[in-house]
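Mapping to my numbering: the sequence shown position 195 is 214, numbers consecutive.
Among the clues, some could well be false.
[Stated by the list, open to error] Label pairs and their calculated CB-CB ranges:
1. Arg-59 <-> Lys-169: 25 to 31 Å
2. Ala-159 <-> Ser-21: 18 to 24 Å
3. Glu-201 <-> Ala-41: 27 to 33 Å
4. Pro-170 <-> Lys-93: 21 to 27 Å
5. Thr-157 <-> Glu-201: 20 to 26 Å
6. Glu-166 <-> Glu-69: 23 to 29 Å
7. Asp-211 <-> Glu-120: 19 to 25 Å
8. Leu-165 <-> Gln-125: 30 to 36 Å
9. Pro-170 <-> Glu-91: 40 to 46 Å
10. Val-168 <-> Asn-24: 50 to 56 Å
11. Arg-205 <-> Thr-183: 41 to 47 Å
12. Glu-91 <-> Lys-158: 32 to 38 Å
13. Arg-27 <-> Arg-123: 49 to 55 Å
14. Glu-69 <-> Ala-154: 41 to 47 Å
For the record, the hints were derived by calculation from the structure and aren't laboratory data.
Bear in mind the structure is a predicted one, so any value in this text is a computation, not a measurement.
Just so you know, even glycine gets a beta-carbon here, dropped at the ideal spot from N, CA and C.
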Amino acid sequence: ESLQNTKRRMKSVKNIGQITHAMELVAATKMRKSQEVALRSRPYVFAALELLRNIAKASSPGYIPEFLREREVKRTLFVLVASDKGLTGAFNANVFRRFEEYARVQAEEVKSAAYMAVGEKSRLYLEKKGIHPEATFTKAGDFATLEEVKPISDTVLKGFLAGTWDKVSIFYTNFRSAMRQEAIRREILPVDYAALEA
């Protein structure tokens with residue numbers, strides 16, 4: 020009987036090994052596709068910045084478009100971007116840690132801020148902190164489409180133009196390479212006019 024148990028265990032270990040190997044292959048394929056998408060999207064980011072630069076230059080003398088105009092910051096919108104599911108290692112934790120570091124330094128700004136959760140883990144994190152997000156966007160999938168991103172950008176921009184918030188900061192993971200991603204904060208509104216002029 021002990022021999023049968025040993026054989027059964029050996030078979031189980033072999034099966035687990037095969038499943039693990041299959042999962043590794045799937046993960047590697049997804050990672051490769053994500054890396055390609057991240058790298059392919061960068062030229063579009065630079066093109067968008069160039070477009071904003073041209074809009075700024077073409078504006079009437081003395082006129083600055085609303086999304087480029089700095090104003091007194093009464094309320095900030097913080098957008099936290101994380102995944103919908105777990106098993107992502109430090110991916111989500113690093114974003115939340117980066118936000119908490121900022122929150123310790125800018126306690127007054129954080130206290131009166133509005134929040135947006137992108138990803139189920141962001142929603143859960145904020146709710147655990149007793150914060151009800153102004154808006155939540157989930158189920159974007161591994162490769163977000165324009166249809167999935169547009170409602171997020173529309174909400175952010177409409178709130179900014181309506182004066183619901185005067186500044187927008189986003190916390191997310193910036194892809195550097197397959198082995199290196201960094202959690203960063205970036206102010207996206209108002210658009211940095213000086214940077215466009217550079």
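Here is how each hint holds up against the structure:
In this structure, Arg-59 and Lys-169 break the distance hint of 25 to 31 Å, their C-beta atoms being roughly 19 Å apart. Checking the proposed 18 to 24 Å range against Ala-159 and Ser-21 shows it is violated: the Cβ atoms sit about 51 Å from each other. One distance hint, 27 to 33 Å for the beta-carbon pair Glu-201 and Ala-41, holds here, with the actual separation near 30 Å. At about 25 Å, the beta-carbon gap between Pro-170 and Lys-93 stays in the expected band of 21 to 27 Å.
A hinted range of 20 to 26 Å holds for the C-beta pair Thr-157 and Glu-201, which are about 24 Å apart. Between Glu-166 and Glu-69 the beta carbon distance is about 25 Å. The supplied range of 23 to 29 Å therefore holds. In this structure the supplied range 19 to 25 Å holds for Asp-211 paired with Glu-120, their Cβ-Cβ distance being about 22 Å. A C-beta distance of roughly 32 Å is found between Leu-165 and Gln-125, which places it inside the suggested range of 30 to 36 Å.
The supplied range of 40 to 46 Å is broken by Pro-170 and Glu-91, whose beta-carbon atoms lie about 28 Å from each other. For Val-168 and Asn-24, the Cβ-Cβ distance of about 54 Å falls inside the hinted range of 50 to 56 Å, so the restraint holds. Against the hinted window of 41 to 47 Å, the Cβ-Cβ separation of Arg-205 and Thr-183 comes to about 20 Å, which falls outside the hint. Range check, Glu-91 to Lys-158: about 37 Å between beta-carbon atoms, so the 32 to 38 Å window is met.
The hinted window of 49 to 55 Å between Arg-27 and Arg-123 holds, with their beta carbons roughly 53 Å apart. The hint said 41 to 47 Å for the Cβ distance between Glu-69 and Ala-154, and at roughly 29 Å that hint is violated.
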